[in-house]
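Residue numbers (this note's numbering), protein chains in the order written: chain S, 1 to 236; chain X, 1001 to 1314.
Simulated from the structure, these hints should not be mistaken for laboratory data.
Fair warning: this is a prediction, and the values are worked out from it, not measured in the lab.
Glycine is no exception: its CB is placed at the ideal position from the N, C-alpha and C atoms.
Don't take each hint at face value.
[Claimed, not checked] Pulled a few chain S residues facing chain X out of the computed Cβ check, cut under 10 Å:
id	residue
1	R25
2	Q32
3	R53
4	K76
5	L81
6	C101
7	A102
8	D113
9	D117
10	S139
[As the list claims (entries may be wrong)] Partner residues aside, some chain X positions facing chain S, computed with beta carbon under 8 Å:
id	residue
11	T1026
12	R1028
13	M1033
14	R1157
15	T1160
So you can see what is in the structure, the chains are spelled out below.
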Amino acid sequence: MTRPTTLTPAGPGRVGPAADGEPVRIGVLAVQGDVREHAQALSALGVTWVRVRRPGELADLDGLILPGGESTVQDKLTRALGLRDPLRAAISDGLPVYGSCAGMIMLASTVLDGEADQQTLGGMDVTVRRNAFGRQVDSFETDLRFPALTEPERPIRAVFIRAPWIEAVGPGVEVLARVPERPQGSDAGVSPAAGRVVAARQGNLFATSFHPEVTGDLRVHRYFVDLVRAARERVA
Amino acid sequence: MSDQQNPTTASPTSTPEGSVASGTGTSRVKRGMAEMLKGGVIMDVVTPEQAKIAQDAGAVAVMALERVPADIRAQGGVSRMSDPDMVQGIIDTVSIPVMAKARIGHFVEAQVLQSLGVDYVDESEVLTPADYSNHIDKWRFTVPFVCGATNLGEALRRITEGAAMIRSKGEAGTGDVSNATMHMRKIRAEINRLRSMADDELFVAAKELQAPYELVKEVAANGKLPVVLFTAGGIATPADAAMMMQLGAEGVFVGSGIFKAGNPAQRAAAIVKATTFYDDPDTIAEVSRGLGEAMVGINVDDIPVPHRLAERGW
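One chain only, chain S, in its complex shape:
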């Protein structure tokens, strides 16, 4: 896999709100899920965020976050509220989007173990298995290597909650992180989870199986904000 070179302009020493360039506006899809945690991470990075529940609220966004939550509910509500087509249009127009957990499912071109009528927004050429790690009693946290982040040597604490994983990726998809061969705290020996793809990027679309928004480690959000900035500079 090749590593894009434009991803991490921010050095590890940069503290607090990023001062470079115009203020960035990022939407958080707010039909259901852990909207507040993503919003707090964006605020901590000095980014303006807006709640997106209506098609009109997608205007003038530099990026969008699809939060964690229940993917079947997010799918039903985005359809019922007339958000599905505008969201798909925004994605195909190149809007940078980050999806965590349920958000990853929403970005996947193919979902396994979904409900019969479940639809995704698509955009990323990945096959995602819903609830792949099991039920809540199987939910876990562990440290992952995620070299594309700032401080690449420092592992990221990843919290997996009834989480999906990526089972297949298309040619344009860059794998960014995998479950370690033997997750910390796992006494199951070699589990089916070992080595699974849990973070990936394709162009302006980025997804993680886990929830960086509940740990206080801002590096994943910084990665996305840098992606948003880079995308905007390319347009400008």
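Please build the complex by placing chain X on the supplied structure of chain S, with the hints as guidance.
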């Protein structure tokens, strides 16, 4: 550390195992599960068929129980954990999270529910308590627990015992939202009172709340519970759900209000939309049209105090 903010869901002071724990059943994993349910509606279901209807209507999770609270009220008798076959049937039927109720203090019912693979256990006053002194030691479980509370002290005592989510109790099975309103307002007012206190006043506040000082201090500093707060008990209409959200609930449990009403599927879907658009009266008006009859309901005032479910638990 440059990229570190205060954790929002896991806090060292209320997390015995600390924030470095790995693996399953950590506080962050338990509390995080509730974070993912926010803005959603959790619906009481008795059978797999009802669970399917709830899922199709947009429930964020279903709550399995033996009888809905309105029937528990009407029929009386001891109310217990649902039959394992029924819980299993519900788990096999839907792919959204499945919660199930255990009696207060009945740690073996909770063990059984964990063994069945339910995603959350509700240690619930709606069932007949199994222990009138002690609640379940919820730290001993991998499965997370939600517990009811009528006030801040009660919520903090449950969190001390390991609850990873709190719901205001309301008065279940009535369709009368007044107690849910009272409990939400009470919890909010008590949190606001802590926020306004000087540091040296928090020691006495902790004594009065009958809750650990460290937890009281944390709530005073953050202005919110360290776990997600939902509301429950008497919610029967989209407007009820939206009002609870405006009063500070982060999501809604609906019990008898759906399957004791005419046209449950449509009512359930309307309550889901009203919960998302809780601050938009136009949307609430639109989804409230043509729902048919709401559950008949009972005024809480007409129920003698010893028969009020919210009085169970302490």
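Verification of the hints:
no.: 1; hint: R25; in the structure: violated (20 Å)
no.: 2; hint: Q32; in the structure: holds (4 Å)
no.: 3; hint: R53; in the structure: holds (7 Å)
no.: 4; hint: K76; in the structure: holds (5 Å)
no.: 5; hint: L81; in the structure: holds (8 Å)
no.: 6; hint: C101; in the structure: holds (7 Å)
no.: 7; hint: A102; in the structure: holds (7 Å)
no.: 8; hint: D113; in the structure: holds (7 Å)
no.: 9; hint: D117; in the structure: holds (8 Å)
no.: 10; hint: S139; in the structure: holds (5 Å)
no.: 11; hint: T1026; in the structure: holds (6 Å)
no.: 12; hint: R1028; in the structure: holds (6 Å)
no.: 13; hint: M1033; in the structure: holds (5 Å)
no.: 14; hint: R1157; in the structure: violated (24 Å)
no.: 15; hint: T1160; in the structure: violated (21 Å)
In terms of the numbered hints stated before, the structure departs from hints 1, 14, 15, listed from lowest to highest.
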